[in-house]
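Chemist: What follows is each chain in one-letter form.
There are 2 protein chains.
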Amino acid sequence: MKLRFVLIALLSLIFVSQAFSQSPAASAARAYRQAREHEIIEEFANLLSIPNVASDTPNIRRNAQLISQMLEKRGVKTRLLEVPEAPPVVFGEINTPGATRTLIFYVHYDGQPVEPAKWVGGDPFKPTLRSASLEAGGKEIPVPVKDQKFDPEWRLYARSTGDDKAPIIAICAALDALRASKIAINSNIRFFFEGEEEAGSPHLERIVEKYRDLLKADAWLICDGPVDQTRRQQVYFGARGVTGLEVTVYGPRRELHSGHYGNWAPNPAMMLAKLLASMKDDDGRALIKGFYDGVESLTETERRAFAEAPDNDAMLRRELGIAWTEGAGKRLIELINLPSLNIRGFLSSSVGATARNVIPSTATASIDIRLVKGLDHVKAVDRVIEHIRAQGYTTVASDPDEATRLKYPKVAKVIRQGGYNASRTSMDLPISKEIIAAVESAHGRVIKMPTLGGSVPLYIFTDNLKTPCIGIPIANHDNNQHSANENIRLQNLWDGIETMAALLTMR
Amino acid sequence: MKLRFVLIALLSLIFVSQAFSQSPAASAARAYRQAREHEIIEEFANLLSIPNVASDTPNIRRNAQLISQMLEKRGVKTRLLEVPEAPPVVFGEINTPGATRTLIFYVHYDGQPVEPAKWVGGDPFKPTLRSASLEAGGKEIPVPVKDQKFDPEWRLYARSTGDDKAPIIAICAALDALRASKIAINSNIRFFFEGEEEAGSPHLERIVEKYRDLLKADAWLICDGPVDQTRRQQVYFGARGVTGLEVTVYGPRRELHSGHYGNWAPNPAMMLAKLLASMKDDDGRALIKGFYDGVESLTETERRAFAEAPDNDAMLRRELGIAWTEGAGKRLIELINLPSLNIRGFLSSSVGATARNVIPSTATASIDIRLVKGLDHVKAVDRVIEHIRAQGYTTVASDPDEATRLKYPKVAKVIRQGGYNASRTSMDLPISKEIIAAVESAHGRVIKMPTLGGSVPLYIFTDNLKTPCIGIPIANHDNNQHSANENIRLQNLWDGIETMAALLTMR
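Chains as they are written, first to last, in the working numbering: chain A, 1 to 507; chain B, 1 to 507.
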């Protein structure tokens, strides 16, 4: 394992030594940031301290307001794009006389739901600086006094540090840097900062339709997702689709004493275990009929890009403490080109200190499904429901009434979740090549990923608006995205500022 | 289904009409109670309002103190039986000159852990009267003003109303009734009220050993458990043993974004589902090797008693809202003569509103095992652990370190729980017949159960002290024992007072 690290170090050296000279815009961004790390972190912490779960309407509006102010301060003309019952999109414009290109920067300012008890410190909205990641034993450190340096390996902890408020502060800092150095922006720029991505973007399609005229562009730049696990910058050209469902199965109407009724009353936890176990084989391949039908094959360029991407599997296994992986030996990078079915949680009665000797009354599993090109998110859930029925279940959409309970031996409530399909932009388009060149002007050679494993509703831009979509992520891969103790590694934030400066000024 | 109810009603009528005349002690208890329902409920509510989870030392001591006072008030000489770190046993004595028999009444005053959020009203220690069970739409009603009647179908809700504080108040009321009617107690009476039964009675064996000289008796009367589901009084002669274990399996060291790592990182929820599914077949029969080996067969008397017991299965299925049962068509009463393996809870990450698109890091299942005569509780857990290993798991006793994680593909942490074996007293002993006769003097023909499905550590009395042990339950079967919203049906409490009066005065 030591040898592997030496190799990685050597490879990094080779990349760095490729006689790479950074573009003036990226260099200016670096110099500006080095002189103002305190200010940048302070402004970022202020943004992070506003809770941002999409359903928390008052706080979501406070976020939108602050972000609008942050952009206005930089001379960006802003407005809120609204449809009823949706968090507003913060929209901003920079019009550049003579520009021949329009770029829209997409970011989302909402975050995943939080369970404060699982956060070290107990408050996901109290930004905290640590000397390293918690997993690596990072300790809380006070914000350094002015003029003391920030170590780039430090992490800033709070919900949405990485997913996805980092690009907002990176864009703001890049705008400041360009103005300070008097470097011109060469394109028409639009900012489109969404407020409900983590809730599945239920209104995005309507917002985009309503404001279609504002959203004419040559490309959407999706500032979301993590960089490669080697910490090298990556650019991606697609994302998986996503959907999901929640399944509840039923035992006795009330929890029963396991001694008086054990062996007789059906146990919903066991029923659910059997149902879930029937959904995948031991290698993690879905056993749902038709689950893989229709998967589109990759183009020559995409295949080459996957082949060129680094093989991080062994490093990741070590980092994650896992001695095996699903997929019968296939690499992670191959497996994200297949749809996936994932149990994101299950619950029946209690475990640990509050466990009681009962036969539970219900058991629930929450499942998410990732989709690749060629698959439909509605059909994917249909197929899982058909599978549940094929296991002898009657499916219902709400808790079963008495007649239903007494009529059917096995009843499963299925709550369908919204979702969207996968999307992919061709890497061979001129705009794709220009974007790659711009990011490489800041960081040298980047990793080109035909698709991200995660999901962003790119189809709205690529399929509805017929506009190419290219992903420019900032966050470190080990940012605990979607979990407790989300964080950003400071170097990733610093790099992000340079990326944004390069994109804003691309010729 | 209507026909069945008519039949039950007719059968009840036949029992009632068996020209049964109640013993003077039971009659005196009834008359006394009818005149003092307010006082009894008030004193009971006072007892129920003290939290009584065994680990809550200050409150457990407050319970013991109050119960001692309640007994002392009735002329019972009390003391606390103590061993280090154990909740005290409240011990009481009534010595009757010339008595030829000593009876020990066993009750436990501790209760199962509580999750207040699951209780209607939110406080398991705030006794609340309802017009019927919650399941039957019972509404909260104020305590009637003095001289207004209590409907016997009302329920009193609070932790331990049924399991197992009811016998304490029943004994106190019976003592009051006997004194008021000047009816003599004919045996030497001992009260042995334990404070950690729901925690598995970890110190009971030591307490009984230490105070062995105080505990010489002709029989232990175990006042715990529910009466029959038809609401008829039952007397039981054994109980299943119990043990358990908690199993945790491991995925990635931290929760991972299900998009970026789904299909590749092992999902511990799915691993656990497969592991649990492997433990039982679709009929609920355990697939653990050797799980049923050594089960002792029933005696002729026991077989007859089971045959005579009512078949409540159809009624219960209806009450519980279940259209099928485990056991391949066997009756509940047969199935409690087999060991059982029950998932009492499982948990991995979150479901519902806090579900996030992650691959969980761990998944945990809590399992209890019930044992019948001939089985050993330590061996039973051994066999489950062997089964887990046979599914490819390396088992550990605490969270695996990095080396263990990276060495073994599948790691399961197994936390063994304490436990004890099943126990049974012969129904053919003279004392067994005398106890049956005493209870029948209060209620007419009773149901005789060779064993209870639930567990009480009777082996300590039957095997260590070599004393017969007979169970005299009070609580209604639908009392939500061990769950949220535990309750007692008032008629059961009233009946219990008469039962206690009959036992205290048996000749």
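Hints should not be assumed to be uniformly reliable.
Same chains, same label: a pair holds when it works inside one copy or across any pair of copies.
Below are the BS3-like pairs computed for lysine-lysine, each with C-alpha atoms no more than 25 Å apart in a straight line [said to hold, decoys possible]:
id, residue 1, residue 2
1, K413, K433
2, K126, K182
3, K118, K413
4, K274, K289
5, K373, K274
6, K330, K407
7, K330, K118
8, K274, K433
By construction, these hints were calculated from the structure, which means they are not laboratory data.
Chemist: Against the structure, test the hints numbered earlier, and report the numbers of the ones violated in rising order.
Modeler: 1, 2, 5, 7 and 8
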